[in-house]
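So the protein sequences, as listed, match chains Z and L.
Counting the first sequence from 1 gives a position; this note's numbering is that position plus 77.
Counting the second sequence from 1 gives a position; this note's numbering is that position plus 104.
None of these hints come from the bench; they were simulated from the model.
These numbers were taken from a predicted model, which means no experiment stands behind them.
In this text, a Cβ means the ideal position worked out from N, Cα and C, and glycines have one as well.
Treat the hints with care, since some could be wrong.
Which chain L residues face chain Z? A few, computed with CB under 8 Å, are given here [to be verified]:
(1) A131
(2) G133
(3) V141
(4) Y143
(5) P144
(6) E146
(7) R171
(8) K208
(9) L209
(10) Q213
What follows is a list of derived Cβ distance ranges for each label pair [unchecked claim]:
(11) L:G165 to Z:N95: 29 to 39 Å
(12) L:S187 to Z:V129: 18 to 28 Å
(13) L:G113 to Z:T163: 37 to 47 Å
(14) L:E112 to Z:T163: 22 to 32 Å
(15) L:T174 to Z:N103: 23 to 33 Å
(16) L:N126 to Z:N105: 13 to 23 Å
(17) L:Q149 to Z:N105: 18 to 28 Å
(18) Z:P116 to L:S187: 38 to 48 Å
(19) L:K172 to Z:S144: 19 to 29 Å
(20) L:A121 to Z:K147: 22 to 32 Å
(21) L:T175 to Z:A158: 30 to 40 Å
(22) Z:K147 to L:F122: 29 to 39 Å
Derived EDC-like pairs (lysine to aspartate or glutamate); straight-line CA-CA distance at most 20 Å [stated by the list, open to error]:
(23) Z:K86 to L:D198
(24) L:K160 to L:E173
(25) Z:K134 to L:D158
(26) L:K160 to L:E146
(27) Z:K134 to L:D106
(28) L:K160 to L:D198
(29) L:K181 to L:D106
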Amino acid sequence: DGGITQSPKYLFRKEGQNVTLSCEQNLNHDAMYWYRQDPGQGLRLIYYSQIVNDFQKGDIAEGYSVSREKKESFPLTVTSAQKNPTAFYLCASGSTGYTYGYTFGSGTRLTVV
Amino acid sequence: GDSVTQMEGPVTLSEEAFLTINCTYTATGYPSLFWYVQYPGEGLQLLLKATKADDKGSNKGFEATYRKETTSFHLEKGSVQVSDSAVYFCALSDHNAGGTSYGKLTFGQGTILTVHP
């Protein structure tokens, strides 16, 4: 079945560490997105990519980095520069043509310990 | 820029009550409109969509009509169930006249719905 897979489901980070969240899709979607969701809050866009080897900053890119070396993969690194990284991270993919909406992964919950 | 505004929550209803969650939008192009649902601890799932004015999206008893004249896309359900308890997000994706997306969805802030037996 086609879908989008995020891993791990839960992740714990120590202060000063970089961590990488995985996002893989087999939907043949051109575009991929990373969102952050804080408790009781909406979604805030971190980064997005519409084509391999290209990506754009979203509304809250500071302290995060991404790469898009393959169409299927869009990993997100939360760097030590992100001062408040505890949140629920959602990856999504979609077509860049006439939109049918996004397909979301099941999320990664990141906690700083 | 594009924006989506949802009614303030949370919304608490009794089972079999009528549900309305208001959503209004601003967009510069030709937006498609969506409702997503998020159950606790999960990602978002597409609930329904409408891609042009006067279209009605429907799924699982939920409905929403794309009203260009009022820039609205209100979500309704005639009889809610306890299993409908979730967070509901309204969203839009803007396009040019040729249907090419401008690249990203814009989400509302979400509305928490709790349904009691």
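Right, here's what the structure says about each hint:
{"no.": "1", "hint": "A131", "verdict": "13 Å, violated"}
{"no.": "2", "hint": "G133", "verdict": "12 Å, violated"}
{"no.": "3", "hint": "V141", "verdict": "11 Å, violated"}
{"no.": "4", "hint": "Y143", "verdict": "10 Å, violated"}
{"no.": "5", "hint": "P144", "verdict": "11 Å, violated"}
{"no.": "6", "hint": "E146", "verdict": "6 Å, holds"}
{"no.": "7", "hint": "R171", "verdict": "19 Å, violated"}
{"no.": "8", "hint": "K208", "verdict": "6 Å, holds"}
{"no.": "9", "hint": "L209", "verdict": "6 Å, holds"}
{"no.": "10", "hint": "Q213", "verdict": "4 Å, holds"}
{"no.": "11", "hint": "L:G165 to Z:N95: 29 to 39 Å", "verdict": "45 Å, violated"}
{"no.": "12", "hint": "L:S187 to Z:V129: 18 to 28 Å", "verdict": "40 Å, violated"}
{"no.": "13", "hint": "L:G113 to Z:T163: 37 to 47 Å", "verdict": "23 Å, violated"}
{"no.": "14", "hint": "L:E112 to Z:T163: 22 to 32 Å", "verdict": "25 Å, holds"}
{"no.": "15", "hint": "L:T174 to Z:N103: 23 to 33 Å", "verdict": "40 Å, violated"}
{"no.": "16", "hint": "L:N126 to Z:N105: 13 to 23 Å", "verdict": "36 Å, violated"}
{"no.": "17", "hint": "L:Q149 to Z:N105: 18 to 28 Å", "verdict": "20 Å, holds"}
{"no.": "18", "hint": "Z:P116 to L:S187: 38 to 48 Å", "verdict": "22 Å, violated"}
{"no.": "19", "hint": "L:K172 to Z:S144: 19 to 29 Å", "verdict": "40 Å, violated"}
{"no.": "20", "hint": "L:A121 to Z:K147: 22 to 32 Å", "verdict": "48 Å, violated"}
{"no.": "21", "hint": "L:T175 to Z:A158: 30 to 40 Å", "verdict": "39 Å, holds"}
{"no.": "22", "hint": "Z:K147 to L:F122: 29 to 39 Å", "verdict": "47 Å, violated"}
{"no.": "23", "hint": "Z:K86 to L:D198", "verdict": "31 Å, violated"}
{"no.": "24", "hint": "L:K160 to L:E173", "verdict": "15 Å, holds"}
{"no.": "25", "hint": "Z:K134 to L:D158", "verdict": "34 Å, violated"}
{"no.": "26", "hint": "L:K160 to L:E146", "verdict": "26 Å, violated"}
{"no.": "27", "hint": "Z:K134 to L:D106", "verdict": "17 Å, holds"}
{"no.": "28", "hint": "L:K160 to L:D198", "verdict": "18 Å, holds"}
{"no.": "29", "hint": "L:K181 to L:D106", "verdict": "27 Å, violated"}
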